Amino acid sequence: MAKFLDSLNIVKQCRRYGVGLWQCPHFLFLVMGAIIISSIIATYLTAQWFFTEPQLIALIVLVVAAILFVIGHIIVSSFERVAEASLAKSEFVAIMSHQIKTPLSIIKWQLNLLKEKGIKIEDSEAKKFFIHLDEENQRMIHIVNDLLELNRIEDSTIFLNPSVFSLKEIIDEVVGRRRKENLNTNVSFEVKTSENLPLVFADKIRTRDVVSHIIDNAIRYSINGGKVAIILQGVPKCVCCSVRDEGIGISKEDQKRIFSKFFRAESVYKYQTQGLGLRLYLAKAIVEASGGKIGFTSQEGKGSTFWFTLPVPKNNLIGNNYQ
Amino acid sequence: MAKKILFIEDEMRLQEVLGAKLKAEGYEILAAMDGKSGLEIAEKEKPDLILLDLILPKMDGFHVLEAIKANPSISVIPIIVLSNLESGKDIERCLSLGVRSYLAKTNYSLEEIAQKVSEVFK
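Taken in sequence, the protein lines are chains A and B. Under my numbering, the letters of the first sequence match residues 391 to 713, in that order. Under my numbering, the letters of the second sequence match residues 119 to 240, in that order.
Treat the hints as calculated values from the structure; they're not laboratory data. In this text the structure is predicted, and so the values were computed from the model without any measurement. Hints should not be assumed to be uniformly reliable.
Negatives, chain B to chain A, calculated, CB over 10 Å [to be verified]: (1) L148; (2) D178; (3) S191.
EDC-like cross-link-like pairs, simulated, lysine to aspartate or glutamate; straight-line CA separation at most 16 Å [what the hints assert, rightly or not]: (4) A:K582 with A:D562; (5) B:K122 with B:D178; (6) A:K570 with A:D606; (7) A:K507 with B:E229; (8) B:K176 with B:E158; (9) A:K507 with B:E143; (10) A:K479 with A:D524; (11) A:K651 with A:D545; (12) A:K505 with B:E230; (13) A:K507 with B:E134; (14) B:K122 with B:D166; (15) B:K141 with A:E539; (16) B:K176 with B:D128; (17) A:K505 with A:E525; (18) A:K517 with A:E506; (19) A:K683 with A:D593; (20) B:K207 with A:E525; (21) B:K207 with A:D545; (22) B:K240 with B:E210; (23) A:K617 with A:E580; (24) B:K207 with A:E539; (25) A:K505 with B:E229.
Where a beta carbon is used, it is the ideal one built from N, C-alpha and C, also for glycine.
Just need the whole structure built from these sequences, with the hints factored in.
As structure tokens, then:
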């Protein structure tokens, strides 16, 4: 209700876009509506009194049409300004990300080389800081990559590179890595695969991102530990992957916005502060662009199940299409 | 004889670090800091592999690629693009010009790049 009332507050809406009242599409639409209604009434009244002078009526209609034309033009140009601002924002993100990526690559490669050369760090604290440097640099790379991916999705310039591969292999790879990283936590993993599971046709690198996002979320929400169960099964024309956790679940209120951009659930703020709130938004966009679907069920206090599907190849061109 | 790799990259520190890694792997490294001199070295030295950045002074990577492909004496040299430009348009353009692979620098470790390089010579 509050949201609906808010949408009626034209002045507030205009302020949100940072434009003046006479440049604000919301306000101009209102003015146009008022002019149309009052001109219909005025034409009707004038026509009653001056029905012997049709020229006068025609003149009034002409003047009103001219005014509406001018207002229409202002509305179109304010939309143009909004579109230009959006374009400028995309370009800004693209240029900035590229600029930031150069020093990030330098740091990454230099740390790689130092690690390979096996520099002698006797001090255990210094060693720990060295590992942290590497991890934090990697985190910055992830953030920049997420922003760039968001930019590409919003500009519809996302370039998928689909191939035929085994979703199970990707799951095993990601779970294997997470198992190692979560040795000291109470989170355990279980992977179940149905027999004769077909291969999928999608962008392999991005699918790995989606799988990582969903499994990482399951781990993150398993505050008190528990099992993260991953089930792979064939469904008509697709393979379905579901990830169930026994974590804190998502409140009814948050469930509505879970796939929104920059959305972070209340519970996330409470337990940890990392992340841009982009991961599920990106996962949804990638799965849907690949021809699959994504969804979830969740019960607060009991856990959540996130699932997604990816299409199997259309023609069984590859001899062995099963994994 | 050691395989010759030409690395065209304007960022000195990236040159140093990847150059050191590849030298340690036993390759001979030729370095160019801009597109124009990169093309000249490619024509003169005929390396076994070219690692190419895209945003370069004097002549950008796309033009270098086009010039290499247009010159029959060096057009068969395999090329790996190493760039942080990641738009679909750029990747497609490079692939259509026949590059071997397109690697985003931030997404690959030195070890993974060395791996890709050794795959070229297999």
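Each hint, compared with the structure:
{"no.": "1", "hint": "L148", "result": "holds (19 Å)"}
{"no.": "2", "hint": "D178", "result": "holds (13 Å)"}
{"no.": "3", "hint": "S191", "result": "holds (32 Å)"}
{"no.": "4", "hint": "A:K582 with A:D562", "result": "holds (10 Å)"}
{"no.": "5", "hint": "B:K122 with B:D178", "result": "violated (22 Å)"}
{"no.": "6", "hint": "A:K570 with A:D606", "result": "holds (13 Å)"}
{"no.": "7", "hint": "A:K507 with B:E229", "result": "holds (12 Å)"}
{"no.": "8", "hint": "B:K176 with B:E158", "result": "holds (12 Å)"}
{"no.": "9", "hint": "A:K507 with B:E143", "result": "holds (13 Å)"}
{"no.": "10", "hint": "A:K479 with A:D524", "result": "violated (30 Å)"}
{"no.": "11", "hint": "A:K651 with A:D545", "result": "holds (15 Å)"}
{"no.": "12", "hint": "A:K505 with B:E230", "result": "holds (14 Å)"}
{"no.": "13", "hint": "A:K507 with B:E134", "result": "holds (15 Å)"}
{"no.": "14", "hint": "B:K122 with B:D166", "result": "holds (5 Å)"}
{"no.": "15", "hint": "B:K141 with A:E539", "result": "violated (34 Å)"}
{"no.": "16", "hint": "B:K176 with B:D128", "result": "holds (10 Å)"}
{"no.": "17", "hint": "A:K505 with A:E525", "result": "holds (13 Å)"}
{"no.": "18", "hint": "A:K517 with A:E506", "result": "holds (14 Å)"}
{"no.": "19", "hint": "A:K683 with A:D593", "result": "holds (15 Å)"}
{"no.": "20", "hint": "B:K207 with A:E525", "result": "violated (31 Å)"}
{"no.": "21", "hint": "B:K207 with A:D545", "result": "holds (12 Å)"}
{"no.": "22", "hint": "B:K240 with B:E210", "result": "violated (25 Å)"}
{"no.": "23", "hint": "A:K617 with A:E580", "result": "holds (7 Å)"}
{"no.": "24", "hint": "B:K207 with A:E539", "result": "holds (14 Å)"}
{"no.": "25", "hint": "A:K505 with B:E229", "result": "holds (11 Å)"}
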